[in-house]
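Work the whole structure out from these sequences, hints included.
There are 2 protein chains.
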Amino acid sequence: MTKQDFRIVGKSVKRADVIEKVTGEGKYTGDYHMPGMLYGKIKRAEIAHAKITRIDVSRALAYPGVKAVLTHRDVPRVLHYGSPHPRSASCTKDQYILDDRVRFWGEGVAAVAAISEEVADEALDLIDVEHEPLPGVYDIDTAQAPDAPQLHDVGPGGNLVIPPVRIERGDVERGFAEADLILEGEFEGGRPVPTYMEPNVCVADWDGSNKLTFWTSTQTSFMVRGALAEVLGLPLNKVRVLVDHMGGGFGAKQDLFQHEFLCALLAKQCRRPVKMEFTRRETFIAGRSRHPFRMWLKQGFRKDGTLVARDMKIIFESGAYGSHSPGVTNVGTASATSLYRCENVRLDGRAVYTNTPISGAYRGYGVVQTYYALDIQMDEAAERLGIDPVEMRLKNAVREGDIAPSGHPIVGCGLEACISHGADAFDWAGKRNNPNRSDPRNPAIRKGWGIGCEMHGSSAYPGIKEQGNATVKMNEDGSVTLLTGAAGLGTGAHTALAQIVAEELGVTFESVSVVHGDTDVVPWDIGAFASHTTYLVGSAAKIAAAELRERVLARAAELLQESAENLGLVDGIITVRGNPGQSITLVEAMGPTRGVPSEHLIASGSYTPTKSYSFAAHFVEVAVDTETGIIECRKVMPVHDVGKVIHPIAAQGQIEGGIQQGIGHTLTEDYVIDRTNGRSLNAGLVDYKMPLSMDMPDIETIILEAAPDPGGPWGAKGVGEDPIIAIGPAICNAVHDAIGVRFHHYPITPEDVLKGLKARREQP
Amino acid sequence: MTKQDFRIVGKSVKRADVIEKVTGEGKYTGDYHMPGMLYGKIKRAEIAHAKITRIDVSRALAYPGVKAVLTHRDVPRVLHYGSPHPRSASCTKDQYILDDRVRFWGEGVAAVAAISEEVADEALDLIDVEHEPLPGVYDIDTAQAPDAPQLHDVGPGGNLVIPPVRIERGDVERGFAEADLILEGEFEGGRPVPTYMEPNVCVADWDGSNKLTFWTSTQTSFMVRGALAEVLGLPLNKVRVLVDHMGGGFGAKQDLFQHEFLCALLAKQCRRPVKMEFTRRETFIAGRSRHPFRMWLKQGFRKDGTLVARDMKIIFESGAYGSHSPGVTNVGTASATSLYRCENVRLDGRAVYTNTPISGAYRGYGVVQTYYALDIQMDEAAERLGIDPVEMRLKNAVREGDIAPSGHPIVGCGLEACISHGADAFDWAGKRNNPNRSDPRNPAIRKGWGIGCEMHGSSAYPGIKEQGNATVKMNEDGSVTLLTGAAGLGTGAHTALAQIVAEELGVTFESVSVVHGDTDVVPWDIGAFASHTTYLVGSAAKIAAAELRERVLARAAELLQESAENLGLVDGIITVRGNPGQSITLVEAMGPTRGVPSEHLIASGSYTPTKSYSFAAHFVEVAVDTETGIIECRKVMPVHDVGKVIHPIAAQGQIEGGIQQGIGHTLTEDYVIDRTNGRSLNAGLVDYKMPLSMDMPDIETIILEAAPDPGGPWGAKGVGEDPIIAIGPAICNAVHDAIGVRFHHYPITPEDVLKGLKARREQP
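Chains A and B are the protein sequences, given in the same order.
Just so we're aligned: 637 in full-length UniProt numbering is position 637 of the first sequence, and the numbers increase by one with no gaps anywhere.
Just so we're aligned: 68 in full-length UniProt numbering is position 68 of the second sequence, and the numbers increase by one with no gaps anywhere.
Treat the hints as calculated values from the structure; they're not laboratory data.
The reader is advised that the hints may include incorrect statements.
Note that identical chains are pooled: a pair holds if it fits in a single copy or bridges any two copies.
[Unchecked claim] Computed list of lysine-lysine pairs in DSS-like fashion (alpha-carbon distance at most 25 Å, straight line):
1) Lys431 - Lys11
2) Lys21 - Lys211
3) Lys211 - Lys14
4) Lys11 - Lys211
5) Lys211 - Lys268
6) Lys268 - Lys21
7) Lys268 - Lys14
A quick note: this is a predicted structure, and the numbers were derived from the prediction, not measured.
Printed below as a string of structure tokens:
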């Protein structure tokens with residue numbers, strides 16, 4: 001199909017759910033209310049590491065309106081993953097629903113169901129917990145010390161979540177021997193949290209046949225179903241997980257949370273529906289953050305800029321439990337095989353337990369951390385070698401056919417195109433060579449420009465197995481329903497899927513409805529993560545739509561006495577090539593006679609993905625106030641290769657949102673844990689600083705359909721995670737361009753800037 | 001598959017919904033409550049035939065709590081069928097949602113939505129309706145008179161609903177010429193109504209995208225969807241019809257009722273959910289009854305009992321609108337081609353409009369009326385020819401290969417088997433030859449024994465087109481979900497379907513769940529009627545399950561390195577023939593690796609039925625009190641051939657329920673309309689007399705698997721309607737046996753008995 005043939009794909013059609021979103025009519029999990037519903041609350045530990053010696057719930061149970069209290073004595077003692085993500089083989093089950101041991105400050109130790117949230121909250125204070133403190137592990141160094149207190153009895157030991165991930169290619173020592181310049185540095189990243197608008201919330205209800213119906217704000221409804229069934233000892237057809245609208249997830253809502261198990265158990269005990277909803281504070285304490293990390297990176301370059309060796313050790317801080325650490329460690333380590341091509345790499349990735357809140361999945365996991373370091377050191381090398389940063393990147397950028405982090409050759413590589421196109425569009429050379437870098441209104445403000453690059457895979461890491469499924473059924477009037485398990489986090493994924501079905505089948509966009517978010521009725525789905533929904537489920541939906549189209553045309557061919565190959569189907573009209581007068585409508589071809597459809601038009605598609613990569617280069621202008629230390633990100637030009645774009649405005653929205661979050665990570669966002677006792681210091685949006693709309697830069701998004709992936713629908717690739725990756729190093733590099741100070745960490749605070757400037761002034 | 005191989009089919013497994021039924025937890029449409037929900041009520045005409053000259057709703061609209069009032073001026077003026085049943089070609093659209101003309105007493109003329117049922121009810125009294133009376137048509141004779149007032153402008157005219165149905169086979173005149181005995185009689189039937197426990201109820205809710213979600217107690221959710229979409233001008237993917245549990249329907253809940261359109265329109269106008277629920281009184285006035293009928297029947301017999309000619313004219317009273325009259329007339333007429341074989345038949349069937357409540361679909365429609373007359377006249381012939389009634393029936397009973405009412409040869413005819421087996425089991429000869437017929441405690445009470453026969457088709461009338469569909473998906477743990485559009489009227493149909501899936505697929509009954517009653521997610525379904533769900537949808541489910549089984553065994557064959565033909569799958573265990581140690585479980589074969597199922601196991605089956613017939617002979621003992629005229633039905637032995645029985649207790653339940661309703665029809669039930677003005681005289685369960693449990697006879701059900709149908713799952717045939725058909729003539733014939741009085745009508749009241757006895761005594 002040539003470009004001009006698209007009627008629906010590639011157009012920014014109006015989202016079907018737009019009215020219910022703006023009117024507040026759309027149902028989020030928190031909107032579910034049922035007669036007799038109770039409210040659950042969790043008693044949280046006020047110590048980071050301890051053995052519980054006694055819990056007395058008698059006062060709480062006696063409190064009027066309290067219907068049930070659960071402690072570790074009352075719940076199944078089954079170890080589970082916490083993360084229901086498809087597990088790498090090395091993953092360890094390390095969580096109990098409730099344990100007699102506390103591993104982080106704020107961990108749940110008991111749960112209450114009561115007639116109102118207020119009564120439940122009041123009852124929490126009536127639960128008496130006594131404990132015996134244990135020595136705490138509050139940072140990566142302590143965790144790795146030979147005599148460190150051990151958080152878990154399971155796993156490989158030494159506070160490691162999984163055995164170290166080690167990747168070696170080529171001959172690193174020989175590479176360094178060939179290098180003209182060797183750079184070595186330590187990099188660190190803080191603890192940003194995905195501050196989704198909708199706090200975690202779930203509602204559990206059991207019926208008389210012992211079936212659990214469970215509404216929850218999750219990206220992975222089938223994984224939640226599986227984990228609940230496993231831990232509660234139910235067959236999968238006795239657990240129904242439902243999710244309609246979601247107010248964001250950003251990866252963190254892939255986990256199976258403690259409150260979800262407790263909500264189900266409270267509802268079972270009370271034989272009444274129970275709702276549990278996090279406060280904003282709980283989304284910090286009991287939610288999931290990006291993994292804090294520390295990384296040692298040594299790279300060797302030839303004079304001409306060619307990267308010849310890379311040696312890397314990265315340690316991710318998992319917090320009290322494993323959650324997504326296996327995935328983050330694998331992805332974060334494997335990703336360092338690529339982006340900038342390097343024949344000789346030696347990588348060591350680890351994740352360690354500490355007595356801090358749980359790190360989990362968050363947009364661009366692993367990659368954000370690794371590529372932050374790679375791209376800053378690339379900039380340093382350019383500076384040291386006197387090569388323009390853009391030239392430096394073009395020289396080293398990964399290319400078509402190079403081995404991707406997945407171990408497969410890359411098919412569809414648009415990185416060079418993004419860098420080159422962006423450098424021109426941004427006027428990189430003109431800006432960087434501009435000698436006037438001071439703000440005319442305030443000479444203390446210095447401007448700078450930077451570049452960062454990224455690549456991100458869908459279904460593209462070693463050991464990952466994926467499968468996309470979709471069912472399409474056509475009604476008697478030619479309107480169509482797509483059934484999919486893919487969650488709608490708010491990204492517009494369902495709109496893109498409907499576009500794909502409409503385009504492939506040959507009906508209008510409006511005639512396609514989407515049913516989703518009910519594990520009882522939709523096909524199995526792996527979950528919405530890894531930027532893969534459009535790519536993976538879109539491909540499955542396209543397969544199903546193609547089958548229906550074929551069946552429709554076969555029948556139309558009979559009716560019209562034409563060969564099916566000679567027929568077209570566009571906007572619900574079947575036409576005969578070369579005979580425009582002979583067209584018939586879908587209803588005429590497929591519609592009912594005596595109330596019965598001509599045949600039952602339902603088709604299911606299943607897709608096992610290849611590996612696909614998306615690419616981007618971000619160009620950034622910053623203004624650094626040398627008096628206050630405040631960094632203002634003024635302009636961003638993100639240039640993305642996402643293959644075929646299904647819905648331009650939605651893709652642009654993803655990119656802009658990623659940039660906003662990336663700015664937050666890089667400049668202001670850090671969930672701070674007191675490293676002496678594990679207490680949260682800023683669990684709330686007053687003290688945890690996200691960029692607001694007034695903090696947003698001008699963003700001029702450029703989407704290139706540079707390198708379509710043959711595995712995606714019409715070459716579409718992922719876009720969800722990409723935009724959060726390159727923005728960080730681009731800002732950091734621009735700050736260096738502005739004030740000559742090189743930072744190796746995020747967030748870069750005003751205090752850091754002032755300290756950096758002071759140190760630079762004091763340099764000999 | 002031989003009989004002993006069945007593990008699940010043929011067993012009375014415990015219904016999955018039994019606990020929610022008995023605890024009251026199961027959700028019926030009336031159990032749906034939504035925030036902001038309004039309540040709708042209908043203003044009903046107090047005249048049977050009139051032109052509305054003025055409706056003033058201003059006082060109602062001003063009444064506190066009233067949110068909307070609709071009259072014929074406010075609703076789309078679109079003619080519709082009323083019955084969303086697959087239409088025969090001759091069917092006429094004759095209903096408006098609201099019209100400026102009233103055609104029966106109690107017809108809705110306006111609708112109110114208010115904050116409570118009470119307020120809505122009060123507002124009805126504030127609607128002022130003025131009308132100009134029109135001459136009324138209150139009976140069949142008036143309707144057919146040449147100068148009769150015409151109820152409708154559409155249709156063939158002469159108050160006919162459809163053109164007369166005429167069937168002629170052989171040479172009737174020659175048949176009569178060959179006859180030794182010619183009988184001629186007039187038969188009549190009253191107006192029984194299906195007094196389902198759950199009055200009609202619906203809830204309508206529109207979302208911001210102009211999509212209507214519609215919960216309603218219906219047997220035909222896809223037909224409701226289609227009719228709502230057509231009349232409201234919506235595509236089918238903008239109408240979602242939902243029905244979970246139902247408290248019965250018995251055929252009547254196939255219609256698309258006036259209140260359903262009005263509920264949808266009120267909700268649209270108010271932008272709030274609206275519920276409308278019939279009072280018991282409204283289920284009479286605005287519900288659907290069996291068609292009252294009058295029939296002239298002339299048959300000729302040879303001396304040896306052989307039936308040689310049949311001439312019949314039947315007129316069904318449709319009431320004010322057509323509804324199912326086309327189907328009833330076709331079925332009621334065509335059915336008279338069969339049951340008792342006759343080479344020479346001439347049949348004329350008609351339906352006429354009258355200004356009375358609407359007749360609709362009701363269990364055994366058309367056939368109940370026709371076979372009542374056939375079987376009574378057969379009894380008369382036996383008496384006149386001095387042949388035992390059982391012998392008479394055996395001589396004339398339709399046989400394998402005879403032409404069925406559908407026009408096709410009968411495959412699977414068990415009628416002779418039912419008659420013969422029953423005569424033995426009932427000790428027919430012994431009872432009938434017993435000279436002592438008086439009750440020992442009350443000599444005024446006389447006992448008698450009678451027989452009635454029936455046949456009933458699934459998917460088996462001329463012009464009927466059917467299609468069964470089902471989707472089966474397997475979860476990663478081997479549990480299974482069946483998605484079906486088949487409604488669950490309370491019959492246990494979903495249990496039977498789950499049994500079929502479990503048996504065919506090779507899993508336990510408990511591992512199969514059923515999802516139904518949501519047009520957005522389940523495959524298209526024709527509706528639950530015509531006794532066809534197990535036969536039609538069961539066949540489709542079996543096809544889908546067989547496909548899954550094949551895919552499971554293909555994969556297991558790979559894993560076990562065996563040929564698939566050599567594998568068995570029973571209760572979720574895959575075994576190798578001749579190698580018992582090598583078995584693997586379904587989970588081992590299909591289950592997830594790294595969280596992802598080995599393949600996506602979903603399959604859809606579609607089945608276009610052949611024609612199938614079920615058969616029965618009912619043997620009855622009655623006791624007639626010659627002083628009070630009360631007929632007591634004391635014992636019934638129903639002998640049914642339903643092919644392969646899927647769930648014996650459910651089948652028996654159908655039979656017992658049918659007998660209870662049949663006793664009501666024959667002896668006590670009649671919804672009486674004043675033939676001078678069209679007013680209802682007994683719209684309620686105080687004055688309309690159903691048999692209660694204490695009125696039930698001893699029933700000894702015998703189910704023969706005499707003649708399996710090759711088109712049904714393992715030979716299963718329908719059973720839903722059969723039991724209501726033969727019980728009526730069997731009672732009537734037994735009454736004659738007891739007191740020597742022959743009745744040609746139902747219900748046979750005590751007054752009728754006393755009159756009949758008096759007439760007999762006064763006979764010369």
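- Among all the numbered hints in the text so far, which are the ones the structure does not match? Of the numbered hints, just 1 does not hold.
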